Amino acid sequence: MVKLIIVYLLLVHAALSFTKDKQLSAIRPINAASQQKDSEKAKLAFLFLTRGPMQHEPVWRLFFSWRATSAHYSIYIHPGDRHLVYPNNSIFFQREVRTYRKIRWGTLSLVVAERALIHAALADTLNAWFLLLSESCV
Numbered sequence: 000m001v002k003l004i005i006v007y008l009l010l011v012h013a014a015l016s017f018t019k020d021k022q023l024s025a026i027r028p029i030n031a032a033s034q035q036k037d038s039e040k041a042k043l044a045f046l047f048l049t050r051g052p053m054q055h056e057p058v059w060r061l062f063f064s065w066r067a068t069s070a071h072y073s074i075y076i077h078p079g080d081r082h083l084v085y086p087n088n089s090i091f092f093q094r095e096v097r098t099y100r101k102i103r104w105g106t107l108s109l110v111v112a113e114r115a116l117i118h119a120a121l122a123d124t125l126n127a128w129f130l131l132l133s134e135s136c137v
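Numbering-wise (numbering that gives the first Met the number 0), the sequence shown opens with residue 0 and increments by one.
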């Protein structure tokens, strides 16, 4: 429940921090044809806030390959270690957010890192749903 409230507050804060120009440019005309077209292309953004390497990468690899392609989802990672590099064959390769912040559990640095993840995910206009996860989630 607390995590849900935190995520809600982060989304509200991210939405309010946009300038009016960005808000206006994000508004798209609504009509039945474009709404159906956009819903067919809509993606789910997986936002991983990690403290170390992904513990269950084989499970996530299986999950992402099951009845889905990369056109159905986006992956964003805020690594706990700036120097953590995923190998070329990893599904998390080059998915790190560019804005790195050292995080400590239970501090405001978590909010800053989550905002960086949300900001990166909002840059892709096809992302319609957002899911915040940690490295231990399965």
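To be clear, the hints were calculated from the coordinates, so they are not data collected in a lab. Quantities reported herein were computed from a predicted structural model and do not represent experimental measurements. Please note that a few of the clues may not be correct.
Said to hold, decoys possible - Here are the computed distance ranges between Cβ atoms for each label pair: (1) G105 - K40: 33 to 43 Å; (2) V58 - A127: 23 to 33 Å; (3) L132 - Y99: 15 to 25 Å; (4) L107 - T68: 12 to 22 Å; (5) N88 - A67: 11 to 21 Å; (6) R103 - H71: 12 to 22 Å; (7) S89 - D123: 12 to 22 Å; (8) S135 - R81: 29 to 39 Å; (9) T68 - S108: 30 to 40 Å; (10) A67 - L107: 33 to 43 Å; (11) H55 - H82: 19 to 29 Å.
Heads up, the beta-carbon is just placed ideally off N, CA and C, and yes, glycines get one too.
Consistency of the hints with the structure:
no.	hint	in the structure
1	G105 - K40: 33 to 43 Å	holds, 38 Å
2	V58 - A127: 23 to 33 Å	holds, 24 Å
3	L132 - Y99: 15 to 25 Å	holds, 18 Å
4	L107 - T68: 12 to 22 Å	violated, 37 Å
5	N88 - A67: 11 to 21 Å	holds, 19 Å
6	R103 - H71: 12 to 22 Å	violated, 34 Å
7	S89 - D123: 12 to 22 Å	holds, 20 Å
8	S135 - R81: 29 to 39 Å	violated, 20 Å
9	T68 - S108: 30 to 40 Å	holds, 34 Å
10	A67 - L107: 33 to 43 Å	holds, 35 Å
11	H55 - H82: 19 to 29 Å	holds, 21 Å
Checked against the numbered hints listed earlier, the structure breaks hints 4, 6 and 8; every other hint is satisfied.
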